[in-house]
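Please build the complete structure, drawing on both the sequences and the hints.
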Amino acid sequence: MSALSVVETRIFDLLLFGYGLSCLLYLIYLIVPRRLTGRAATSVLVLCLVAHTAVIVLRYAEAQRPPFQTLYESLSWFAWTSVLAYLFAEWRRKIRVTGVIVTAVATAACIYANTLPHGVKPLYPALQSVWFFWHVSVAFASYAIFVVAFAVEVSYLVAARQVRRGRGLAYGLDRDSVIVFHRMAYNLILFGFPLLTFGIFSGAAWAETAWGRYWAWDPKETWSLITWTVYAIYLHAKVTPRWSGGRASALNILGFICMIFTFVGVNWLAKLLGLQSLHLYAV
Amino acid sequence: MRQFYRAFISTKISLFLLALLAIVMLVGTIVPQLPLGGSEEDYIASWGFGKFARLYAWGLMDIFHTPWFLFLGFVTFLQLLLCTIDGFTTLRRRAVASPDILRMGARRVLDVTDDSMQRLCDFLARRGFRTTSFSEGGSDIVVAQRGLPSRLVSILYHLALFLFVIGFVLTARYVQMGDFYLYPGERRSLPKGQFARGTAEGDSFELELKEFITEQTWFNESYFPRDWKSSLVVYEGGEEKTRETIEVNTPLRYAGITVYQYDFRQDFKLQVSVDDTMESGQGAGALQAGATPVPSVVSGSAYEKFRVPGRIEEFMVRTIYVGTLFDKGDEPEPIVPNTTLYVYKEDAPMGREKLGTLVQDEPLSALGLTFTLTEVREASGLNWRRDPGIPLLWFAFITFMLGMGVRVFLPSYKLTFLHDREAKKVYVGGKVSGLAAYLDEEIGRIAGTLS
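Those protein sequences? They're chains U and F, same order as listed. If you're matching positions, the first sequence starts at 1 in the working numbering and goes up one per residue. If you're matching positions, the second sequence starts at 1 in the working numbering and goes up one per residue.
These are computed hints drawn from the structure, not numbers from a lab. It is possible that part of the hints are untrue.
[To be verified] Think about it this way: if two alpha-carbon atoms lie no more than 30 Å apart in a straight line, the pair counts; the simulated BS3-like pairs of lysine-lysine are:
no.	chain 1	residue 1	chain 2	residue 2
1	F	K229	F	K305
2	F	K431	U	K238
3	U	K121	F	K354
4	U	K271	F	K345
5	U	K94	F	K431
6	F	K345	F	K425
7	F	K241	F	K269
[Unchecked claim] With beta-carbon atoms standing in for the labels, derived distance ranges:
no.	chain 1	residue 1	chain 2	residue 2	range
8	U	V130	F	F395	17 to 27 Å
9	F	T113	U	V50	49 to 59 Å
10	U	A54	F	F16	43 to 53 Å
11	F	K424	U	I31	44 to 54 Å
12	F	G50	U	L272	17 to 27 Å
13	U	V50	F	G448	38 to 48 Å
14	F	L91	U	L47	47 to 57 Å
15	F	G448	U	A54	42 to 52 Å
16	U	A61	F	T357	27 to 37 Å
17	F	M1	U	V239	22 to 32 Å
18	F	R130	U	K271	50 to 60 Å
19	F	E206	U	V130	23 to 33 Å
[To be verified] Footprint (simulated), chain U over chain F, 3 or more residues, beta carbon under 8 Å:
no.	stretch
20	4 to 14
21	26 to 33
22	218 to 228
23	238 to 249
24	254 to 268
25	395 to 403
Here a beta-carbon is modelled for each residue, glycine too, at the ideal position from N, C-alpha and C.
Following this line, the structure appears as structure tokens:
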């Protein structure tokens with residue numbers, strides 16, 4: 001194990017603790033909404049992001065390639081992009097109440113990554129392409145945005161329920177301020193959807209260059225299309241009066257589940273059912 | 001009929017069709033698909049004939065090519081087409097609601113003076129709005145637009161989806177492909193692409209493999225594949241046209257045909273003799289009665305079972321490491337061909353047992369025999385493809401991304417102002433699209449001007 005690997009592993013272990021602590025602080029903030037607790041949660045998360053950036057840079061230096069080949073690296077990258085997207089959204093839109101969900105997702109991704117082999121692998125010949133960077137980074141950018149959209153949507157559902165029960169004032173929420181969450185989730189998905197489209201098409205273009213066919217109904221490809229379809233349904237639902245409320249929220253949550261399944265679930269499914277897949281590099 | 005048409009092109013039907021497609025795709029990832037790998041015999045062996053027959057009969061093992069999936073795709077395609085056409089017709093109409101509806105849907109009501117409407121139009125022009133004014137029911141209506149109309153942009157990317165489907169159909173209907181292996185020095189004739197410039201039906205060119213290059217990386221004390229390259233020369237009418245080295249992500253594109261590096265084959269020759277160092281009879285137990293005894297030369301291919309004359313066992317060698325090795329020393333170094341030799345045994349894990357590492361020209365003793373790897377020959381596995389759907393798919397993709405990009409990132413405003421002359425009020429309404437569009441802020445600015 002190289003010196004870089006040792007440093008990286010130690011920082012990653014600390015990250016687990018950091019993300020967990022941040023999640024806890026966001027949870028406390030949700031229960032007792034004091035500004036100090038919220039600021040502490042954000043500060044810890046910013047520190048975690050800085051440390052995680054260091055992990056990514058070290059990995060890049062060690063592997064001499066973008067750090068998202070193995071499942072360990074992909075999960076780490078996923079957590080990093082999700083936190084980055086969330087902190088940007090929190091800075092722009094003051095959505096601190098959604099932090100607990102994003103940090104829970106990031107913590108879960110890091111815990112799962114920690115159970116996997118950390119070793120650096122060279123790139124397989126099929127992955128040695130300019131598409132490797134663009135396909136994976138853009139797809140993960142869309143995933144990160146969908147994580148934040150999911151968190152905002154769940155917050156909306158919970159907050160709307162509290163407002164309906166007359167408990168919204170304790171959090172400074174009324175009907176109008178709650179609906180902002182729902183609109184923001186829509187805007188986030190509107191932003192993430194073209195990125196997901198680019199991710200899928202760049203994957204198809206890459207497959208055409210590497211294997212000679214752009215689409216083979218491989219489980220990973222099919223699940224990415226399922227995710228795309230669910231988000232397309234969501235976007236259509238938002239312009240249909242009867243569907244733009246609770247049903248759209250449900251579709252957003254379903255889209256998130258499909259996205260997570262595309263990312264990690266397909267690998268389990270392929271193993272469980274003995275399915276053939278050309279996308280099992282990231283295991 | 002008209003009612004049916006309106007219902008068919010509704011968003012609800014779009015939602016329903018998309019949901020149905022998603023469900024079918026989901027089924028296609030749970031049930032193994034035969035075209036992706038695995039044979040019918042394998043599935044019958046693991047599931048039993050009854051389950052296999054049921055899944056097979058419903059087409060679930062090749063779900064994406066069943067008539068009912070194609071029908072579903074066709075209905076979705078038709079709906080998309082009709083929605084796009086309907087979008088065009090809606091765009092041509094003047095889409096302004098009646099004065100009453102404008103009053104009811106107003107986001108803000110402003111008190112104005114007689115010259116306010118002129119000031120409003122001047123202000124809107126300064127803000128980059130295109131304005132149209134007309135009178136209806138005793139009221140003045142001003143429609144102001146800035147940015148590309150969102151409906152037009154929406155039509156654009158729905159049209160791109162429509163082109164995607166046509167691209168898929170072109171691929172499915174007209175794609176031509178094939179695969180073959182070439183040893184260095186061998187040639188193969190390929191048909192030219194139908195749409196290539198100056199190509200007539202039946203034209204072809206020849207492809208020659210000059211060299212097949214294998215590269216390995218030294219990783220975790222073993223070999224890790226680094227690259228496979230084929231150095232190819234294209235001939236037409238016996239004349240050399242071009243030469244290129246292709247690898248996994250760098251195919252050769254020539255005359256409408258794309259040639260891909262997709263596989264390799266490794267052949268070997270083994271010299272097998274009786275191991276003199278062993279005591280007499282030790283290795284003779286498995287000799288077939290009446291068989292030709294060793295020594296002999298055996299030919300085979302990696303991962304294929306082979307037999308040694310005079311023996312009943314079956315043997316196999318895995319990947320033969322050849323070519324150039326990187327990242328072990330300071331300089332890349334040639335690899336002495338080597339591989340692992342296995343013998344098939346029923347009681348061994350995975351049905352085979354490792355006998356040892358075979359290194360070229362170095363004898364390996366096992367089972368009373370001496371194996372010497374004497375020759376290794378590699379063939380490049382190439383496949384070729386002519387896909388007329390690809391250019392259209394690229395065009396559709398660029399159109400879709402441009403349309404989505406404009407729709408999502410660029411602001412588009414459509415504001416309506418209803419001036420009630422008697423009441424001296426202006427009812428301001430409108431809608432925006434794009435993440436950078438701020439309706440309330442824009443209306444606020446306008447209100448400031450009018451007040």
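Legend entry - C-beta pair A54/U, F16/F: status relative to the range 43 to 53 Å that was hinted: 49 Å, holds
Inset, instruction - Would you check the hint for K241/F and K269/F, treating anything up to 30 Å between C-alpha atoms as holding? - result: Answer violated: K241/F to K269/F is near 36 Å, above 30 Å.
Legend entry - Range hint compliance [Cβ, M1/F to V239/U, 22 to 32 Å]: At 26 Å between Cβs, range holds.
Legend entry - Outcome, coverage of the stretch 4 to 14 of chain F by chain U - at least 3 residues whose beta-carbon is closer than 8 Å to one in that chain: holds (count 3)
Inset, instruction - State, for the Cβ atoms of E206/F and V130/U, whether the hinted interval 23 to 33 Å holds or is violated. - result: 31 Å, holds
Inset, instruction - For the pair we were handed, K345/F and K425/F, check the Cα-Cα distance against 30 Å. - result: 95 Å, violated
Inset, instruction - Look at the Cβ atoms of A61/U and T357/F and judge whether their distance stays inside 27 to 37 Å. - result: 35 Å, holds
Legend entry - Restraint check for K94/U with K431/F, where alpha carbons must lie at most 30 Å apart: 25 Å, holds
Inset, instruction - Decide if the proposed pair is consistent with the structure: K229/F and K305/F, CA atoms, cutoff 30 Å inclusive. - result: With a Cα-Cα distance of about 27 Å, the restraint between K229/F and K305/F holds, given a limit of 30 Å.
Legend entry - Verdict for T113/F, V50/U (Cβ pair) under range 49 to 59 Å: 57 Å, holds
Legend entry - Within 8 Å of chain U's CB atoms, at least three CB atoms from the stretch 254 to 268 of chain F: coverage verdict: Per the Cβ count (3), the hint holds.
Legend entry - Distance restraint evaluation - R130/F, K271/U, Cβ atoms, bounds 50 to 60 Å: 58 Å, holds
The structure shown violates the earlier hints numbered 6, 7.
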